[in-house]
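Trainee: Each chain is listed here by its residues.
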Amino acid sequence: MVSEAEVLIRARGLTKRFGGFTAVDGIDFSLARGEAFGFLGPNGAGKSSTMRMIGCVSPPTSGELTILGLDPVAHGPAIRSRLGVVPQDDTLDIELTVQENLLVYGRYFGLPRAVIRERTAMLLDFVQLTDRAGDQVEPLSGGMKRRLVIARSLINEPDILLLDEPTTGLDPQARHIVWDRLFRLKQRGVTLILTTHYMDEAEQLCDRLVVMDTGKIAAEGSPRELIGRYSTPEVLELRFDPGDHEQAAEKLAGLSRDPGERQGAAQRIEVLADRVLVYTTDGDETLEAARGLGLEPVTSLVRRSTLEDVFLRLTGRQLGE
Amino acid sequence: MTAQATRPPRQAPVAPGAAPGGRWAFAVRELRFWLTDYRRTWRGSVISSVLGPLLYLGAMGAGLGSLVDRHSDARLGGVSYLAFIAPGLLAATGMQTAFGESMYPVLGSVKWVKNYFAAAATPLRPSDVFRGHLLFVILRLAMNCGIFLVVIVGFGGARSPLIVAAVPVGVLTGLAFAPALMAWSVTRARDTSFSVLMRFFMIPLFLFSGTFFPITQIPAWLRPVAYVTPLWHGVELCRALSLGTATLGGAALHVGYLLAVAAAGFAAAHVSYTRRLHE
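Heads up: the protein sequence lines correspond to chains A and B, in order. Counting in our numbering, the first sequence runs from 1 upward without gaps. Counting in our numbering, the second sequence runs from 1001 upward without gaps.
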């Protein structure tokens, strides 16, 4: 449990409405120094609206929000001077060079040119863009631009780094480099807040996260805790001939009559178009038990539960938009 | 250690009044963005700022003027057509520069480059972003009106040394338009209405606000329309300064009107910038 003094952000009943639409619906959370905190949720869940309120560029409609001990409406400039922001859109000036972008941004914080120059060299080294310092931004790849935005967000040595979907649209290599850099920041004690709809990203980076859906917080905890609470340790994925799925599911239901008695008991069964998912403590035993019922799946796969299982359970498989 | 900037953050509490400097100190930070940005395009921009007055004064002043002057008319105040239109064109340049600098660059700042949003994530307030950009527009106004003055003098179109004062009046004429245009442009999602505004608002103003012929030539019932347009006030005052006919009362009236219109736009821009950048 964190002590009061270390709480950097506290929200109580935080709400944001745009006209008749409620984007964020009375959420509570708090964030301690040094934490990596994630907002997970489908598109339109209210993640970005929450981030914009934390970034002091969107006044809350109602509820309480305290950032670094201050009220964001009254002390926006003072709070923003202590934040680093990686917005969803890069907001780089693509016709300026890499270092000019850092110069322009550093001046927004009132930093002297010598300080900006010194930090620019260090930050470009950190995000592996030193050799592109004098190049225009326009021809850089998406991953490079993202890294440049991360470097830019650190120019004021922020207390809190806000990252809105930091790796959306990047290829796997570029994503891994971004994760690597964010992980290093986290190790150095930088407080991170990020939104994502990538479960692997959340599992890799977040100490604690909340799952948002339709403006509300559906669940909160560490990735492990959430998997423990909302899913089973393992998932058995079975494929049958399409059309046999419902029938197979009915038979499999027999495995769940007395859950807890056997390791192989099915705690939940989900029928999808292409496969049947059986949530269980021990996938191999469940598979044995299924075969015992005379079921012969075309393919079978036993895997550990992931955050994605939690996410889909909490936010559903339907499109939210 | 790779970066000092990434070390564990210090524990120092944030002082609420931590932002140094007054309102305009923050605006200057935004101005400096525009100056850095302008370093890329200043050459082309200066060339067109020189070419514009050369073409206008060459074609209308020297060319058309040679015809007009043959039928010299007292309604032009007994001066050459060139001397008549040159100060009016200077004021009109203020207006045109304001249109050029206050529509596409503002829309681009929220739609394409998104530099307004980058700035809004920093200590700058929406009003600082607006004021800083406006400072840059004023600089561009001063540039274009100053260049225009030099070209007028080169063409021999000045009748009084007071024409030097037409530069700040030209800037003020632009300033009567710029804040209101910025206030409106920042709310736009598309640029489709910009060309409509140019064609059906700016060009009619340009043609009928007394730049090319005295306002007495248009029907009496239509004249009040000209009187409320900022451009007419700018044209009248610039011309009076250039011809040496300015009176203190008249100048105060024109300046007062232009300032009032500018102030209204300024207030509107504060509201619309805050709405757009702090949604």
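One or more hints might be untrue.
[To be verified] Derived list of chain B stretches under chain A, where covered just means 3 residues or more per stretch with a C-beta under 8 Å from a C-beta of chain A:
hint, stretch
1, 1091–1101
2, 1179–1189
3, 1213–1224
[Stated by the list, open to error] DEER-style ranges, computed between Cβ atoms:
hint, chain 1, residue 1, chain 2, residue 2, range
4, A, Gly228, B, Tyr1038, 50 to 60 Å
5, A, Arg17, B, Ala1059, 48 to 58 Å
6, A, Val115, B, Leu1222, 54 to 64 Å
7, B, Leu1253, A, Arg12, 32 to 42 Å
8, A, Asn43, B, Ala1189, 18 to 28 Å
9, A, Arg184, B, Gly1022, 53 to 63 Å
10, A, Arg17, B, Leu1248, 26 to 36 Å
11, B, Ala1220, A, Arg17, 52 to 62 Å
[Stated by the list, open to error] Calculated pairs, DSSO-like style, for lysine-lysine (alpha carbon to alpha carbon, straight line, at most 27 Å):
hint, chain 1, residue 1, chain 2, residue 2
12, A, Lys145, B, Lys1114
13, B, Lys1111, A, Lys186
14, A, Lys251, A, Lys186
No wet-lab data here; the hints were simulated from the structure. This structure is a prediction, so every number in the text was calculated from the model and none was measured. Positions of the beta carbon are idealized from the N, C-alpha and C atoms, including for glycine.
Trainee: Going through the numbered hints above, which ones does this structure break? Give me the numbers in ascending order.
Mentor: 1, 2, 3, 7, 9, 10, 13, 14
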